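Trainee: For the record, the sequence lines run as chains A and B. For what it's worth, my numbering labels the leading residue of the first sequence as 72, then goes sequentially. For what it's worth, my numbering labels the leading residue of the second sequence as 470, then goes sequentially.
Please keep in mind that the hints were generated in silico from the structure rather than gathered at the bench. Some clues are possibly wrong.
[Unchecked claim] Which bits of chain B does chain A cover? Going by a derived footprint, with three or more residues having C-beta under 8 Å, they are:
1. 554–560
2. 600–610
[Stated by the list, open to error] Partner residues are not named here, just some residues of chain A that face chain B (Cβ under 7 Å, in silico):
3. K119
4. I121
5. L124
6. E125
7. K126
8. L128
9. S130
10. L147
11. P149
12. E152
13. L154
14. K159
15. S254
[To be verified] Derived BS3-like pairs (lysine-lysine); straight-line CA-CA distance at most 30 Å:
16. B/K653 to A/K219
17. B/K679 to A/K168
18. B/K653 to B/K705
19. A/K168 to B/K960
20. B/K573 to B/K538
21. A/K159 to B/K538
22. B/K705 to A/K168
23. A/K150 to B/K538
24. B/K1010 to A/K126
25. B/K898 to A/K168
26. A/K144 to B/K960
27. A/K168 to A/K107
28. A/K219 to B/K705
29. A/K159 to B/K962
The structure presented is a predicted model; accordingly, all values stated were derived computationally and were not measured. Note that beta-carbon positions come from the ideal geometry of N, C-alpha and C, so glycine has one too.
Listed below, chain by chain, are the residues.
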Amino acid sequence: MRIPEKIAAFLLLALVSWCAHADDLKIGKLMHLLAKNKAGKATFVEKKYIGVLEKPLESTGTLSFEAPDRLEKRTLTPKPEALLLEGKTLTIERPGKKRTTVNLDEHPEVAAFIESIRGTLAGDLSSLEANYEVGLSGSMDHWQLSLKPRQARLSGIFSRILISGTGPDVRTIELDQEDGDHSEMSIKQADVAR
Amino acid sequence: MRKKRLPLAIWIAALFVCIAIIANTRFVSDLSAFMPKAPSERQQLLVDQLRDGIIGRLIMIGIEGGDAKQRAVLSLELARQLRKSGLFSGVQNGDSQTEARDRKYFFENRYLLSPAVTPGRFTQQGMHAAISDSIDALSGDAGMIIKRLFAADPTGETLALLEEFSGNSAPGMLDGAWASKDGKRAVLIAYTREPGTDTEAQARAIGMVKQTFAALPGRSASTRLVMSGTGVFSVKSRDTIEGEVTRLAGASLILVVCLLLAFYRSFWLLALGLLPVVSGALAGIAMVSLGFGYVHSLTLGFGTTLIGEAVDYSIYFYLQRTGELHPGRFWKTIWVGVATSIAGFAALLFSGFPGLAQLGTYSISGLIAAALVTRYVLPSLVPEKLGLRDMRRTGLALDRMLHFAPRLRLLPPALLVAACAVIFQHEGKLWNRNLSTLSPISTADQQLDQSLRSDLGAPDLRFMVAFSAPDTEHGLEGAEEARAVLEMLEKEKVIAGFSSPAFVLPSLKMQRTRQAAIPARSEAARNLDAALEGLPVQAQKLQGFLADLDSAKNRKPLTRSDLEGTSAALLYDSMMIRRPGDVLVLMPLREADSGADRPIDVNRVQEALGKTGLKHPVVLDLLEESTRLFENYRNEVLMLSELGCIVIVFLLLFALKSLRRTLRVIVPLACAVACVTALLLLGGTKLTILHLVGLLLVVAIGSNYALFFENSESSGMEERRRMQISLLVANLTAVGSFGMLGLSSIPLLSAIGTTVGLGAFFSLIFSAILSRSRVIS
């Protein structure tokens, strides 16, 4: 291949990727794609980077989602714990402790945080925009959604949530805090129904 | 003439004395004055709790209308101004300053407050285990939030503390202030400084809230205030009672005056006829005032009862003056009537219920005064021969009606049998156990109360452990001792949880034990170093922890004054009630299964507490306790009324000197009482103590009719006709004035009104039927 051909190929590639870029940046399309997620099961590995600790804390477990509003996070190691979100009720279960039920209407901060994940999984843009400034970058094959809380109260808890994925699958959820601490959750889809 | 003037002079002098006494009388309208003197220790606790406890001081406030932001701003400003007013010991609405003070108090004093601080806690092993647990907690879902506490509190005391309060639901937050679950109402709690039994003070506090709210700067007209609570209820019911009593007394007075005017056709006779009533009422109020130190408005409300009966005396007297009725026989009948009435009312006199005792005193002294005035004062004022309006036509008409009486003579006994059958059928469900049916509070107000209560997550405080201690320190130590037992019961699911004043302020003894469990700084540092072996934390990051431990070990123990400005202060005060000479400790219990009829097995809790070193701990079920209290009084009144009835029978036997004549008086009364009871039951009413009092009044009033009918059986035709008219008028006044009470919206008054109105009517009809049947046959 001669140099001009290389240049041409590069240009073509650049053009193609730019076209794809321009198209994929439309958030509506991503949301539409995500909204097709009807139910899914996945495993997760979450790492928390906390300044006072020398190494990240790792926890693992399973996630399951059922459209439109049921989300379950079951942590298996190191300490079993389960969060179940159904509609407006969040149930927390820990072995040896009383089961706690929280009404999200009474706890808008918790609700806003949870809505970021559920809203993304369900492709519900309006619910996301109610609480966050939503930004999108990348391509359809590798998109990244950034959510910045609008409420001052929330920014005390986290400064940004980054969600990335491939097509309709969410791959990672990162949470950044103002003091530099952050957490990363990588998700491996096990079973998806669309 | 002198002989006639003496009674007149005595009467006028007595009236002046009565008026002088009444002028210095305190009139009370709140229902708590009607509260019984409690005979048992448990019930005394209940009354104390109602009088001084947090229940009576709590005012729940809601702000509705406008938008959430407006409501929150109004809530914050309202709370700020109310706190300044000095009428409240605390106002809570979730404002950030109080929240911050609360956080500060619990965080700074965590080593003195945490139940986990035991001697092993800060050894090498203890710290290792606690810090490992905390790190595990950090990897959990709440990790990114609780990590802030970790550096200063690696052993997790703050979380251990929070665990203690976990069952208490706090109201939700919206725009910086408490809000209802649906977010449509901002909610606040205010605690009045004065006790809930001081209705005047409660009225002032409620007025202050209303006034302050109305004057809040920038308040939009669409926002409004709602309030509830025991104090609000008592002020409201006081206002209702005062309004109703005035209205009903006025209405029945007008009714009686109109009836009498139609009968007498003379203002002079009317005025004279009312003299016994007025004198009786004045004497009654004065006697109650002398005997009790105050007069309850409800007692005044029953003044209409006196109008009903005392007016009869003058009616009978006019009757005697009109005809040829033998004065000796006439007065004897009157005296026997008065005596039977007194025997009936005397039952009330001995009741432990101040309200009923007042009623008894009022009625007895009123009746005696009215009878005396009729006997000794009226004769000198009324002409010897009265030319009453000729009621011949009415009399004849009445007589014709009574001609049918013999055909109906089997009706009263038949009705008696039927009524008894109905009563037996309702055996076991005769009495109303639900106290709220006596409450003058409307259902709408009760619903508002429920909804505010659930918005605020205010516990209903039905169950509690109560004990007394010589001082606060012993009280707190007692609460700590009870804690171990209650935690066990919580594990066994007998209770869902409990509150303790020692959660927010441990006893000095406990604080010193916890301080002793903290090692000296150098030792703590050594233990920490060793404890961190194998954990992903370095000791130098936890220096704040060591400093806090050290200052906790060496600080002066916490006292009540350290709580100032926190919401914990109110919590503490609500559970530690200072009384002259000792402290009453109350530990509310949370119900394990709120759906059950008796959600907490009180006996089991009582038994478990009995094994501790606590002196006389009592487990209270306030609902059960108050229900039982009223049941005791009902049984007492029932017993006393039975006694009263027996006395009446003996009295009649003695006065009439004939069993047959006595029966003639008693049978129509018995029929009337049974029929009224049966009718009430058939109408779906369950009987209360007030119906019982009503029945007693039926006997008291009805006995006069029965006596006069019985007495007239031996007199002439003309005489009898006149007497029938008089009795009819007397009956109409009684039925009218009690019927008026029956219309009252206050259950207390309407229960008595309906019972007596119906009963008086039945007594007359049955007496007439039975008496006439005998005359004709």
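Trainee: Within the region 554–560 of chain B, is the number of residues with a Cβ closer than 8 Å to a Cβ of chain A three or more?
Mentor: Violated, because only 0 residues of the region 554–560 of chain B bring their Cβ atoms closer than 8 Å to Cβ atoms of chain A.
Trainee: Need the status of pair A/K144, B/K960: alpha-carbon distance at most 30 Å?
Mentor: holds (28 Å)
Trainee: Does A/K107 lie within 30 Å of A/K168 when you go C-alpha to C-alpha?
Mentor: violated (37 Å)
Trainee: Between B/K679 and A/K168, does the CA-CA distance stay at or below 30 Å?
Mentor: violated (44 Å)
Trainee: May I ask you to test the interface hint for A/L128 with respect to chain B, counting a Cβ-Cβ separation under 7 Å as satisfied?
Mentor: Holds - the Cβ of A/L128 comes within 7 Å of chain B, reaching about 4 Å at its closest.
Trainee: Quick check on A/I121 please, does its C-beta sit within 7 Å of some C-beta on chain B?
Mentor: holds (5 Å)
Trainee: Take the C-alpha atoms of B/K898 and A/K168, compute the straight-line distance between them, and say whether it is at most 30 Å.
Mentor: Violated - the C-alpha atoms of A/K168 and B/K898 are around 44 Å apart, more than 30 Å.
Trainee: Between the alpha carbons of B/K573 and B/K538, is the straight-line distance 30 Å or under?
Mentor: At roughly 27 Å apart (the allowed maximum being 30 Å), B/K538 and B/K573 satisfy the hint.
Trainee: Holds or violated: is there a CB of chain B closer than 7 Å to the CB of A/K126?
Mentor: holds (5 Å)
Trainee: Classify the hint on A/E152 as holds or violated, based on whether any CB of chain B lies nearer than 7 Å to its CB.
Mentor: Where the cut-off is 7 Å and the nearest Cβ of chain B is about 5 Å from A/E152, the hint holds.
Trainee: Hold the hint about A/S130 up to the distance rule: shortest CB distance to chain B must be less than 7 Å.
Mentor: This interface hint holds because 5 Å falls under the 7 Å limit.
Trainee: Closer than 7 Å between Cβ atoms is the bar; does A/P149 clear it against chain B? Give me holds or violated.
Mentor: Holds. Min distance 5 Å.
Of the numbered hints stated above, those contradicted by the structure are hints 1, 10, 14, 17, 22, 23, 25, 27, 28, listed in ascending order.
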